[in-house]
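Trainee: Spelled out from the first residue to the last, the chains are:
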Amino acid sequence: MLELKNITKSFGDKTIINKLNLTVKDGEILSIVGPSGAGKTTLLRCITGLEKVNAGEFFIDGQAFDPYTNRTNESVIGVVFQNFELFPNLTVMQNITLAPTMVLKQSQAEAQKQANELLTRLALADHADQYPYELSGGQKQRVAIARALAMKPNVLCYDEPTSALDPNLRQEVEKLIMGLKADGMTQIVVTHDLTFAENIADEMFHVEPNNSK
Amino acid sequence: MHYILEILPSLVAGAGMTLKIFIWTLIGSLPLGLVVSLGLISNFKPLQWLLHFYVWLMRGTPLLLQLIFVFYGLPLVGIVFPRYYAALFAFILNYAAYFAEIFRGGLQSIDDGQYESARVLRLSYGQTIRKIVIPQVIKIVLPSVGNEVINLVKDSSLVYVIGLGDLLRAGNVATARDVTLVPLVLVGVIYLLLTAVTTFILGRIEKHYSYWK
Numbered sequence: 001m002l003e004l005k006n007i008t009k010s011f012g013d014k015t016i017i018n019k020l021n022l023t024v025k026d027g028e029i030l031s032i033v034g035p036s037g038a039g040k041t042t043l044l045r046c047i048t049g050l051e052k053v054n055a056g057e058f059f060i061d062g063q064a065f066d067p068y069t070n071r072t073n074e075s076v077i078g079v080v081f082q083n084f085e086l087f088p089n090l091t092v093m094q095n096i097t098l099a100p101t102m103v104l105k106q107s108q109a110e111a112q113k114q115a116n117e118l119l120t121r122l123a124l125a126d127h128a129d130q131y132p133y134e135l136s137g138g139q140k141q142r143v144a145i146a147r148a149l150a151m152k153p154n155v156l157c158y159d160e161p162t163s164a165l166d167p168n169l170r171q172e173v174e175k176l177i178m179g180l181k182a183d184g185m186t187q188i189v190v191t192h193d194l195t196f197a198e199n200i201a202d203e204m205f206h207v208e209p210n211n212s213k
Numbered sequence: 001m002h003y004i005l006e007i008l009p010s011l012v013a014g015a016g017m018t019l020k021i022f023i024w025t026l027i028g029s030l031p032l033g034l035v036v037s038l039g040l041i042s043n044f045k046p047l048q049w050l051l052h053f054y055v056w057l058m059r060g061t062p063l064l065l066q067l068i069f070v071f072y073g074l075p076l077v078g079i080v081f082p083r084y085y086a087a088l089f090a091f092i093l094n095y096a097a098y099f100a101e102i103f104r105g106g107l108q109s110i111d112d113g114q115y116e117s118a119r120v121l122r123l124s125y126g127q128t129i130r131k132i133v134i135p136q137v138i139k140i141v142l143p144s145v146g147n148e149v150i151n152l153v154k155d156s157s158l159v160y161v162i163g164l165g166d167l168l169r170a171g172n173v174a175t176a177r178d179v180t181l182v183p184l185v186l187v188g189v190i191y192l193l194l195t196a197v198t199t200f201i202l203g204r205i206e207k208h209y210s211y212w213k
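Sequence order for the protein chains is B and D. FYI, the numbering for the first sequence is 1 to 213, going by the UniProt record's numbering. FYI, the numbering for the second sequence is 1 to 213, going by the UniProt record's numbering.
By construction, these hints were calculated from the structure, which means they are not laboratory data. A hint or two may mislead.
[What the hints assert, rightly or not] Think about it this way: if two alpha-carbon atoms lie no more than 27 Å apart in a straight line, the pair counts; the simulated DSSO-like pairs of lysine-lysine are: (1) B:K52 <-> B:K14; (2) D:K131 <-> B:K52; (3) B:K105 <-> D:K131; (4) D:K131 <-> B:K152; (5) B:K52 <-> D:K45; (6) B:K113 <-> D:K131.
Start from the sequences, fold in the hints, and give me the full structure.
Mentor: See below:
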């Protein structure tokens with residue numbers, strides 16, 4: 001379970017997130033929705049430790065942690081970026097095994113075995129030796145998911161998972177996310193697509209533009 | 001023809017000095033340039049200022065002048081280099097400055113998203129630089145580095161000013177002694193051969209890195 005308590009984030013004198021409380025239960029999907037500029041992505045960047053919050057606390061399974069400074073291999077928050085941000089100089093296999101071997105100190109064989117399982121599960125088994133530029137958008141996204149899952153995250157976050165893809169791929173993404181949910185993955189999905197959010201979410205969280213200074 | 005065979009040994013000996021300076025300058029200045037470029041993009045201001053000053057000094061004065069200062073000037077403050085090492089010292093410092101600026105441009109063209117996706121995968125800064133950033137930067141900067149490398153083949157002729165016998169000097173000596181332009185024509189041909197080989201090798205290196213986009 002991931003809990004946020006009284007999270008506040010401001011840039012200069014502009015408060016983007018004001019004393020926000022949020023809970024994501026294990027194995028559930030939280031959709032964060034709201035108009036653009038409301039701070040959805042900022043909230044996700046705080047949760048994933050890419051931005052430092054000004055105040056508030058984070059808990060995973062009741063344990064306090066600070067995503068911004070946490071560099072241990074516990075309380076890992078996986079991220080699937082809007083543009084996937086695969087490493088273009090590495091093959092699909094290397095993209096997935098890089099962090100497990102360098103950070104988790106898995107052996108190459110162990111990491112590859114795990115990667116092959118992930119690739120098979122995400123219907124990418126034939127693409128292990130390809131480079132990101134050879135993949136379609138949907139395939140890149142699945143590689144990004146596999147790369148995040150290889151670090152055995154407690155929570156997996158997506159930033160606008162449908163926006164960089166063809167509209168007809170939306171249902172594919174839905175299936176993918178629901179499939180991971182069936183495996184017990186806790187997920188947070190930031191999106192501006194309300195229908196998509198409603199289709200997948202156990203909980204919806206609406207971010208409103210914050211006018212208070 | 002007989003004359004050509006007569007002067008060829010001295011020209012080849014000169015070309016040997018040219019090659020020695022060329023190769024050792026590259027071996028010294030490429031790694032140094034990389035280290036300087038990492039300093040140029042660091043957030044530590046005093047280091048940045050110092051390195052900017054160094055780059056300004058090296059790019060802002062003629063290499064010829066720098067050679068003279070290293071060989072004739074530094075002994076005045078007690079630092080004495082033999083001719084050959086004075087030449088290498090000046091060339092490495094000068095070329096490292098140019099390479100540092102090229103690498104800085106390459107480093108800054110790497111998207112923040114690459115650093116962020118490495119960060120959420122728990123890779124350290126050093127691992128990110130080594131495994132993700134540098135391979136991408138090398139590919140980006142190869143054409144510009146190639147330009148400087150070709151320049152270096154010809155710039156090496158400046159060492160005549162501190163009395164080193166390189167290719168051009170060998171040609172000059174023969175021309176002055178025998179009152180004919182033939183040695184200088186040969187010198188031109190040898191430079192062309194050297195740059196042709198260099199161009200070929202650079203092309204192969206670029207091709208080596210073309211497996212990804």
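Trainee: Hint by hint, work out which the structure violates, then give me just those numbers in ascending order.
Mentor: none
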